Amino acid sequence: MAKKLMKGSEAIGEAAVQAGCRLFFGYPITPQNEIPEYMSLRLPQVGGCFVQAESEVAASNMLYGAAGTGERVMTSSSSPGISLMSEAASYLAGAELPVVIVNIVRAGPGLGGILPSQGDYFQATRGMGHGDFRLLVLAPWSVQEAADLVQDAFDLADFYRNPVMVLGDGLIGQMMEPVEFSSDRQPIKELQPKTWAATGCPGDRPTNIINSLFLDPEELERHNWKLKAKYDAMTRDEIRSASYAADDDYDVLIVAYGTVARVCSTAIDELRERGVRVAMVRPITLFPYPYQAIRDAALRASSVLVVELSTGQMIEDVRLALEGARPIHFHSRVGGMLVTPDEVIEKVECILAGGAAEVSHG
Amino acid sequence: MYGRRITVLVGSFGSGKTEIALNGALGLAAAGWTVTLADLDVVKPYFRSRAARAILDEAGIRLLAPGGEVAHADLPIVVPQVRTALRDPSCRLVIDVGGDGTGARVLGSLSDVLPVADSDVLVVLNFRRPATSGAEEAAAMVRQIEAAARVKVTGLVSNTHLMRETTPRVVLEGHRMAVATAEILGVPVVAVTATSDVAADLAGEELGCPLVVLQRIVLPPFEQPPQTRTMGPLFVVN
Numbered sequence: 000m001a002k003k004l005m006k007g008s009e010a011i012g013e014a015a016v017q018a019g020c021r022l023f024f025g026y027p028i029t030p031q032n033e034i035p036e037y038m039s040l041r042l043p044q045v046g047g048c049f050v051q052a053e054s055e056v057a058a059s060n061m062l063y064g065a066a067g068t069g070e071r072v073m074t075s076s077s078s079p080g081i082s083l084m085s086e087a088a089s090y091l092a093g094a095e096l097p098v099v100i101v102n103i104v105r106a107g108p109g110l111g112g113i114l115p116s117q118g119d120y121f122q123a124t125r126g127m128g129h130g131d132f133r134l135l136v137l138a139p140w141s142v143q144e145a146a147d148l149v150q151d152a153f154d155l156a157d158f159y160r161n162p163v164m165v166l167g168d169g170l171i172g173q174m175m176e177p178v179e180f181s182s183d184r185q186p187i188k189e190l191q192p193k194t195w196a197a198t199g200c201p202g203d204r205p206t207n208i209i210n211s212l213f214l215d216p217e218e219l220e221r222h223n224w225k226l227k228a229k230y231d232a233m234t235r236d237e238i239r240s241a242s243y244a245a246d247d248d249y250d251v252l253i254v255a256y257g258t259v260a261r262v263c264s265t266a267i268d269e270l271r272e273r274g275v276r277v278a279m280v281r282p283i284t285l286f287p288y289p290y291q292a293i294r295d296a297a298l299r300a301s302s303v304l305v306v307e308l309s310t311g312q313m314i315e316d317v318r319l320a321l322e323g324a325r326p327i328h329f330h331s332r333v334g335g336m337l338v339t340p341d342e343v344i345e346k347v348e349c350i351l352a353g354g355a356a357e358v359s360h361g
Numbered sequence: 000m001y002g003r004r005i006t007v008l009v010g011s012f013g014s015g016k017t018e019i020a021l022n023g024a025l026g027l028a029a030a031g032w033t034v035t036l037a038d039l040d041v042v043k044p045y046f047r048s049r050a051a052r053a054i055l056d057e058a059g060i061r062l063l064a065p066g067g068e069v070a071h072a073d074l075p076i077v078v079p080q081v082r083t084a085l086r087d088p089s090c091r092l093v094i095d096v097g098g099d100g101t102g103a104r105v106l107g108s109l110s111d112v113l114p115v116a117d118s119d120v121l122v123v124l125n126f127r128r129p130a131t132s133g134a135e136e137a138a139a140m141v142r143q144i145e146a147a148a149r150v151k152v153t154g155l156v157s158n159t160h161l162m163r164e165t166t167p168r169v170v171l172e173g174h175r176m177a178v179a180t181a182e183i184l185g186v187p188v189v190a191v192t193a194t195s196d197v198a199a200d201l202a203g204e205e206l207g208c209p210l211v212v213l214q215r216i217v218l219p220p221f222e223q224p225p226q227t228r229t230m231g232p233l234f235v236v237n
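Those sequence lines, one after another, are chains A and B.
Once you know that position 67 of the first sequence is 66 in numbering that gives the first Met the number 0, the rest is easy, because the numbers rise by one and skip nothing.
Once you know that position 75 of the second sequence is 74 in numbering that gives the first Met the number 0, the rest is easy, because the numbers rise by one and skip nothing.
Simulated from the structure, these hints should not be mistaken for lab results.
A hint or two may mislead.
Claimed, not checked - Part of the chain A face toward chain B, derived, beta carbon under 10 Å:
{"hint": "1", "residue": "Ala10"}
{"hint": "2", "residue": "Gly169"}
{"hint": "3", "residue": "Met174"}
{"hint": "4", "residue": "Pro177"}
{"hint": "5", "residue": "Val259"}
{"hint": "6", "residue": "Glu269"}
{"hint": "7", "residue": "Glu315"}
{"hint": "8", "residue": "Asp341"}
{"hint": "9", "residue": "Val358"}
Please read all numbers here as calculations on a predicted model, not as lab measurements.
Backbone N, C-alpha and C define an ideal beta-carbon position, used for all residues, glycine too.
Bound conformation, chain B alone (with noise of 0.2 Å):
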């Protein structure tokens, strides 16, 4: 998912890109690198990568979102830097974008300075949302994501899951539904995502990608563990 210098992550609406681009900027923070977060999410108000600035903070990630009152607004704002942080060879970033193509169409005005050779282009599908509930869909959506961001996807993402309602099957299913989304494309699906409980019952499972464990952070403060504890405005720790 992260071989590359960018990680672009898209995908339909509600599918769970903003998890995986927390996770995966602190996995790589934690694994030694410099990285830079993007939060070029347009579309929806709250649960944004930005909300976790104190997380990200900590971890010595760089976040490149509107500060000041408007991180809280829902304002199509995209800060300049990100046009930077594209261009600088040595900037490890990771991009959450906006969900279905209206998102996309931000990724789509950064597509002059975005270097498609060293970028992966990542798919999140979760077939438990309403809007993706089979392949076709999927791959009809992927093509609309494509069009408004003017760039091809690289991979696909199965992150099927039903919150804390997730079982074995509930990501197994949702696998074999990714998996035909990628024949249909013709792309690989480059990773399978589960929080750690699940993964441990997948261990024997035959995947074919590798299985990644996510810790869940974009949870309301009720569903918080105590020691991310959230106070403010949705996930910011204390």
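Next up, chain A with everything else stripped away, as it sits in the complex (with noise of 0.2 Å):
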């Protein structure tokens, strides 16, 4: 297929078509609209089904019902939505339900603004909803990787039937990049039939039921364990990240996700020209965290700068990978402003000449 010229939230709604995903319900939110906009324009061509449901608890628990009879099923939204969805999110963790969850982050707390911003990081990563579990969380940096991701959310969550988050700031779903959709792309994992399913029954074996509730607590603590080992896998088998400028000698080594990533990048690509030595950690799984990746990555600098849009919730994952192995600092902007590459310069040469404070720990 040619390069397409895509908006990320075009993409990502092509991703989901490309990985079979037919089913869809939302709710809109600025600046995620394009995602449902795509999908009800493109689902009925491939016999598929949109619904745009009258709030995103609804649509969330629509999810649930549809995920149950195995089709691969999606919705997204973007912060205040998302939290409206964290109930059924939790549901679908405990009845072990496979769905793709997408949301293009937008500045909070509250309804905020519209502007990008990385202030679901918490949610995102500590489980979204109440009770013991866990999302898998994807970040990509470009609207290529969005796709890509997209596609791959799909077959992990099936593998682990269980919630797969693609974890986009605002700028991801509307910024515009040559984007190609392999035509006999392979699933990333081993998929078995979906046996678990509720697909009607003849009576020809026992019934299959999708459901949360375990009264009896010796049988929820076994659930629980039987999470529990799914998130271990994923920790083992699934912890991507990404490195820029390292096979160079770095005396700073900056960590950031998403579209923050690249803006370091464009300030990597300059200080390097001027021989500034500074290198990147780019984590790709938000959940599980690449922690090995990052200290093995800052011990070999004499400092390590976060870099996030939000007011510090990234760097307690750099804090337990790095152990107080190395000093930490901390650049951020909030609100909906983004990060320019001059101030990651600014910041990284401000390290270098020992007049920048080291955040402090507690």
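From these two lone chains plus the hints, build me the complex, please.
Below you can see the structure in the form of structure tokens.
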């Protein structure tokens, strides 16, 4: 297929269709409206079904019902809408239903604003809803990677029977880049038939029941440990990260994800041209988090700089990775303001000149 | 493209109207015109003309767009000065309309004051966009826009590109489809656009219309060259 120039939202929608998603339930919210808009046009063309629900609560529970049939299903929203879906996310994880949830993050808290943010990091990586569960979280830094990760997300959701979130800041949804879809993409996991799905039972097998209610505490404890074993398997097998300019020696290691990592890559290119030794590690999975890759890369540097569009959320995972082994510095913009390459350059130079204060612990 | 007092840019979502409107307004201002740019985009929430307010201010271009905090909102606001500018025979006006028929409906609401004889209504076409991959689709889209905008399109702008990955071949393939669309609709292709590097490679080509060189302004912050390095919401210059 020839390369297309796509908005991130369109690429996410098309990637879902290419991955076999035929059912989408959603409710409008900026800056992700182009995803349901695209799906509402595209799904009828491939025999699928698009439903605009009356709310995010309804959309996410429709997702639960549809996922129970074994079909590939997706919803998308932006921060406040994702909060409304958090109850359903817990039920989905409890009932072990494979779904893909896309969050195109806008600035908060509350209604906040409609410009880009990474303020939903805690919400995405710490379970999203009540109870003891995890989402597998993928964070693209380009429109092409958003398309690729959405397709992977469906395979991962099916393989683990767990909700997978694709987390992009507002820019990922709205910016345009060339995208290519492979015509012979193979699943990234070995997938089994969905024998658990509720597809109608003529009496030749025990009935399948989709449920997250376990009144017997012994049974629920077993269920909790079963879920934990899945999260452990994700942590063992699914961690992804990428490094940038890390083949050469460096003094400062930047840790950033999403489009902020793009900003940092521009800054690194310009700093490297001036002979400043700086590199980056970019988490692609936010859960499971690439603690070891970040620790290994950081031990080659004298300082670490975390850059994100929040007042400091991912930095907690970087601290866990480093356990005090290197000083950590921090730069961020919030409220919909964006970090610029110049700000990153200035911060790195300040760190190297000894003029930047280390982030205090505690 | 800019032969008449008013240049209206319409087209499908993401076809490049804002880029061409900004380039057009800046080009006219550089040629000595007093220019007004009206941002009528009620479709997309980011990368609108109003986000280039600082660039336009510096060039002395008057921007008609929601101001204050609602400049960043996704509300369908059309400032009333647009109607005055349409009526004012001394106002050199470039209008950036939102995408698809949905965006063109705003123009429909202004059609009672749009002086047809003084206006070029140009459709921006990028055949690498998913919604318009062929001439028939593009022509259907143009008819949809005309119906919503209550105005006839007078010309097409051949704007096929893949951002940084644009090659002369990408432009020429798109241009062939633009010419086919023009034949279906019975209107001319008034310009082909390309950035300076690609335009240099197209110099010898028989295009049948002027080649307009574009400076890419509508870019995320990490793609901006140092001289237009951005700060704050999207592509606002320092």
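- prompt: Among all the numbered hints in the text so far, which are the ones the structure does not match?
  reply: Structure breaks hints 7, 9.
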